[in-house]
Amino acid sequence: MAYHSFLLEPISCHAWNKDRTQLAICPNNHEVHIYKKAGEKWNKVHELKEHNGQVTGIDWAPESNRIVTCGTDRNAYVWTLKGNVWKPTLVILRINRAARCVKWSPKENKFAVGSGSRVISICYFEQENDWWVCKHIKKPIRSTVLSLDWHPNNVLLAAGACDFKCRIFSAYIKEVEERPSPTPWGSKMPFGELMFESSSSCGWVHSICFSESGNRVAWVGHDSTVCLWDANKKMAVASLSVETLPLLAVTFITENSLVAAGHDCYPMLFTYDESQGSLTFGGKLEVPKQSSQRGLTARERFQNLDKKASTETNNVMLETLHKNSISQISVIAGGKAKCTQFCTTGMDGGLSIWDIKSLESALKDLKIK
Amino acid sequence: MLQAFHTALRNSPLNTKNQAIKERAQGVVLKVLTSFKSSEIEQAVNSLDRNGIDLLMKYVYKGFEKPTENSSAILLQWHEKALAVGGLGSIVRVLTARKTV
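Quick mapping for you: the protein sequence lines, in order, are chains A and B. Residue 185 in the UniProt record's numbering sits at position 185 of the first sequence, and the numbers go up by one each step. Residue 65 in the UniProt record's numbering sits at position 65 of the second sequence, and the numbers go up by one each step.
Keep in mind the hints are simulated off the structure, nothing from the lab. Among the hints, erroneous ones may be present.
Unchecked claim - Calculated lysine to aspartate or glutamate pairs in the DMTMM-like style (CA-CA distance at most 20 Å, straight line):
#	chain 1	residue 1	chain 2	residue 2
1	A	LYS307	B	GLU80
2	B	LYS81	A	GLU243
3	B	LYS99	A	ASP163
This structure is a prediction, so every number in the text was calculated from the model and none was measured.
Make a model of the complete structure from these sequences and hints.
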């Protein structure tokens with residue numbers, strides 16, 4: 001479990017390049033910094049300064065090596081590497097509120113931006129005009145779109161919004177792709193078609209993720225719940241009310257297991273049982289640290305009892321790796337079907353890389369199906 | 001005692017907009033909660049399922065809003081026991097719930 005502290009400020013968002021040697025992060029300001037790994041250390045190699053507002057989303061396309069960033073200045077930029085410099089291209093999103101999240105599609109011919117103007121912008125490159133064009137998905141989104149994830153077929157897009165719902169839309173653009181084949185989510189997929197909408201839970205949907213096959217989608221809400229949708233089970237939703245503070249990020253690590261993290265500063269494992277259609281809590285993914293527990297003297301015990309009505313010590317320092325909420329999880333190695341490594345960044349300005357094998361051996365009753 | 005507890009929590013008026021009904025229900029639940037002995041609270045809490053714990057937390061917080069003579073002390077004990085079972089998540093769900101008790 002490697003932990004590297006980049007800054008003292010929160011890391012707003014991060015993205016890895018294809019071979020995981022470079023990392024683009026936004027250090028809570030208008031810029032994007034790209035760091036290159038050199039042994040155990042990270043060196044800053046590029047600074048991308050074009051946005052006028054905080055950068056809220058970064059995504060790095062692995063094959064075409066392009067970075068798309070979006071920010072609170074209602075713009076998105078597509079960066080291409082020319083020589084040794086990243087050159088930006090402005091994309092006009094036609095939104096009048098901040099952009100919140102951005103994701104390249106699996107084939108990297110389009111990207112989706114979720115924004116506070118209750119709209120998802122799907123942008124694709126038009127060759128004749130040499131310009132990025134965007135189309136909007138408006139209905140029936142009633143509030144800010146907080147998170148997006150693409151289905152592997154490059155057409156379906158899952159969106160989690162602040163109106164407490166998770167929806168799956170079709171983002172089929174006939175100019176850049178052929179008609180998609182039917183999926184368990186539906187067969188007719190014109191642009192903007194709502195394939196599926198979840199019933200209201202009570203929390204903003206912070207993060208949403210498709211599984212590797214695209215047949216399942218999982219999301220986490222601000223009311224401390226994790227929900228999973230299985231298209232093969234005729235849209236039955238499995239949801240679990242978690243016993244901890246709300247989770248902010250979720251990702252699949254196998255078809256049946258999810259890792260989620262949030263305000264409790266440690267990642268947690270959840271397992272989906274397909275036969276029962278239920279989600280269960282798999283365990284805290286936290287490496288136990290050897291903390292020296294000095295015994296309490298009798299005097300301290302009475303003082304505690306008097307002041308706090310309890311006889312235990314309360315540790316002031318968090319024992320977890322991250323010292324503040326974790327805001328984003330990304331899979332580094334193995335894909336979403338057989339993930340072997342994932343990384344988390346948080347509001348403590350640190351990044352940690354988690355290795356599944358060593359977690360499995362360190363925490364003995366962890367079972368990742 | 002346990003039966004009164006379960007009956008009071010069943011069929012709670014979550015979906016109604018009628019404030020009078022909600023207040024009557026709150027009054028009933030509060031009466032049941034305050035008439036429990038401290039030693040019996042844990043047993044009652046353990047007999048609830050996940051949704052029941054969330055509902056109980058909602059009533060406890062509603063009871064905190066209008067404190068009477070002795071209610072706060074016993075409500076705090078209920079809160080402590082429900083927290084042990086439901087965790088911080090149950091409190092978050094009280095705060096984020098759109099349908100109040």
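Structure-based check of each hint:
A hinted pair counts as satisfied when its Cα atoms are at most 20 Å apart, and LYS307 (chain A) with GLU80 (chain B) qualifies at roughly 17 Å. Between LYS81 (chain B) and GLU243 (chain A), the direct Cα distance comes to roughly 14 Å. Compliance with the 20 Å bound is thereby established for this hinted pair. Between LYS99 (chain B) and ASP163 (chain A), the direct Cα distance comes to roughly 15 Å. Compliance with the 20 Å bound is thereby established for this hinted pair.
Consistency with the previously given hints is maintained throughout, with no hint failing.
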